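Using the hints, position chains A and C against chain U.
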Amino acid sequence: MTTVPTTTDLYTRVQHFQAAQMQVLDNGDFDAYSATFTEDGEFAHTPGRPAARTRKGIAEELHAYHHERFGSDPVRRRHWFNMLCVTPQPDGTIHATAYVLVVTSRPGVREPEIAPSCVVHDVLVEEDGQLLTRSRRVEHDYLSIG
Amino acid sequence: MTTVPTTTDLYTRVQHFQAAQMQVLDNGDFDAYSATFTEDGEFAHTPGRPAARTRKGIAEELHAYHHERFGSDPVRRRHWFNMLCVTPQPDGTIHATAYVLVVTSRPGVREPEIAPSCVVHDVLVEEDGQLLTRSRRVEHDYLSIG
Amino acid sequence: MTTVPTTTDLYTRVQHFQAAQMQVLDNGDFDAYSATFTEDGEFAHTPGRPAARTRKGIAEELHAYHHERFGSDPVRRRHWFNMLCVTPQPDGTIHATAYVLVVTSRPGVREPEIAPSCVVHDVLVEEDGQLLTRSRRVEHDYLSIG
Chain U
1 MTTVPTTTDL YTRVQHFQAA QMQVLDNGDF DAYSATFTED GEFAHTPGRP
51 AARTRKGIAE ELHAYHHERF GSDPVRRRHW FNMLCVTPQP DGTIHATAYV
101 LVVTSRPGVR EPEIAPSCVV HDVLVEEDGQ LLTRSRRVEH DYLSIG
Chain A
1001 MTTVPTTTDL YTRVQHFQAA QMQVLDNGDF DAYSATFTED GEFAHTPGRP
1051 AARTRKGIAE ELHAYHHERF GSDPVRRRHW FNMLCVTPQP DGTIHATAYV
1101 LVVTSRPGVR EPEIAPSCVV HDVLVEEDGQ LLTRSRRVEH DYLSIG
Chain C
2001 MTTVPTTTDL YTRVQHFQAA QMQVLDNGDF DAYSATFTED GEFAHTPGRP
2051 AARTRKGIAE ELHAYHHERF GSDPVRRRHW FNMLCVTPQP DGTIHATAYV
2101 LVVTSRPGVR EPEIAPSCVV HDVLVEEDGQ LLTRSRRVEH DYLSIG
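Chains as they are written, first to last, in the working numbering: chain U, 1 to 146; chain A, 1001 to 1146; chain C, 2001 to 2146.
Okay, chain U solo, but in the shape it has when bound (with noise of 0.2 Å):
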């Protein structure tokens, strides 16, 4: 596979990327992290779960997922992406690949639930200056090794 040799400018800038749009889904703003993606945006984001197109598809996906997931129960999930590799490809976008772990605190309760165990592979892609997300897919640990 031919490559691009990464930039640490560019390093520093998906870590920096990654963080906010994941600051903005835990704080429940849908709408917000859906415009994170290109307007033809793809999000895989459970094995098994059709992937959700366009930023108002990823968006409607998340609202109905959390709602029937957690309904009113009032968790705070904490998305953890660490151990980043950046590559980009010669036709401009950016592939990603990260690890992913879910923190999920309840009320009251001190010590958090951390699972699952994930792999996240993302192709970026820059838009006036702006890095979006084309398409995510993220890998469940526990569903695949074998």
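If you're looking for bench data, these hints aren't it; they were derived computationally from the structure.
Quantities reported herein were computed from a predicted structural model and do not represent experimental measurements.
Ideal Cβ positions, reconstructed from N, Cα and C, are used throughout, including at glycine.
Treat the hints with care, since some could be wrong.
[Said to hold, decoys possible] Using C-beta positions, here's what the derived DEER-type ranges look like:
1. 29/U with 1090/A: 49 to 57 Å
2. 29/U with 1125/A: 27 to 35 Å
3. 51/U with 2048/C: 33 to 41 Å
4. 2004/C with 1125/A: 20 to 28 Å
5. 92/U with 2129/C: 21 to 29 Å
6. 2060/C with 1068/A: 43 to 51 Å
7. 2007/C with 51/U: 36 to 44 Å
Just chains A and C, lined up with the frame of chain U:
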């Protein structure tokens, strides 16, 4: 809110600053930790506990807190920061927000306790080319949901 | 101790290097992992176990250790590094210290084991513009408190 664009250089400097600062804290060197604050620095580490003020006050608070909390319990604590967002302000200060997990090991017990999940809100300043913490406020997720 | 100022560029390069190195290890590619060491590299990963030496020796040690430790147990391990401190030395080597957690998933079990908490001490060198690990020593917190 008006903000100033973040350079990737600043982002990396904040990462390194916080990493070194927390390695010092986790080594129990409370005087070196308090020296990473401005002389009039402020540190609110636990909800319901008044903020410590000034380098001297921060060092004293940490000695008192650790004695009270752990006594002769031989724990090794590691503060993990992640998902950093850095926002320079027009007044020259730097706002930094990060997720935090506290990892606590005990002799002979392989699995550490990982709790609580927090968010840290820092106001940083630059003095003589060196970053310093002017104020640090820590929110604990399990106490602030709802 | 005399040290050389760290550039943010070097800090980011070490982050990326360690992330790529550990993704390779976690994918079970022990030959590619050992190729991230210098030819005379040294790797002490577990207290009480002698350090492995040379690329060949490191690859052999990893094959032996994983067979012995996990056998046919289908685990997926993810090494998380964090809180990196980088200190270039006057002799041209680079000292890097980071916190480590090992995240281990098993098929069908959503919650991974997260243990132990470690600190890694690396000595890195640059050869032909490429970072390599000359030595890596891992301390396990639960075995080194007290």
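Now the hints, each set against the structure:
Under the hint 49 to 57 Å, the C-beta atoms of residue 29/U and residue 1090/A, about 24 Å apart, miss the expected range. Hint check: residue 29/U to residue 1125/A, Cβ distance near 29 Å, so the stated range 27 to 35 Å holds. The beta-carbon spacing between residue 51/U and residue 2048/C, approximately 47 Å, falls outside the hinted interval of 33 to 41 Å. Against the hinted window of 20 to 28 Å, the Cβ-Cβ separation of residue 2004/C and residue 1125/A comes to about 25 Å, which satisfies the hint.
Judged by the Cβ atoms, the range 21 to 29 Å given for residue 92/U and residue 2129/C holds: they are separated by roughly 24 Å. Checking the proposed 43 to 51 Å range against residue 2060/C and residue 1068/A shows it holds: the Cβ atoms sit about 50 Å from each other. Checking the proposed 36 to 44 Å range against residue 2007/C and residue 51/U shows it holds: the Cβ atoms sit about 40 Å from each other.
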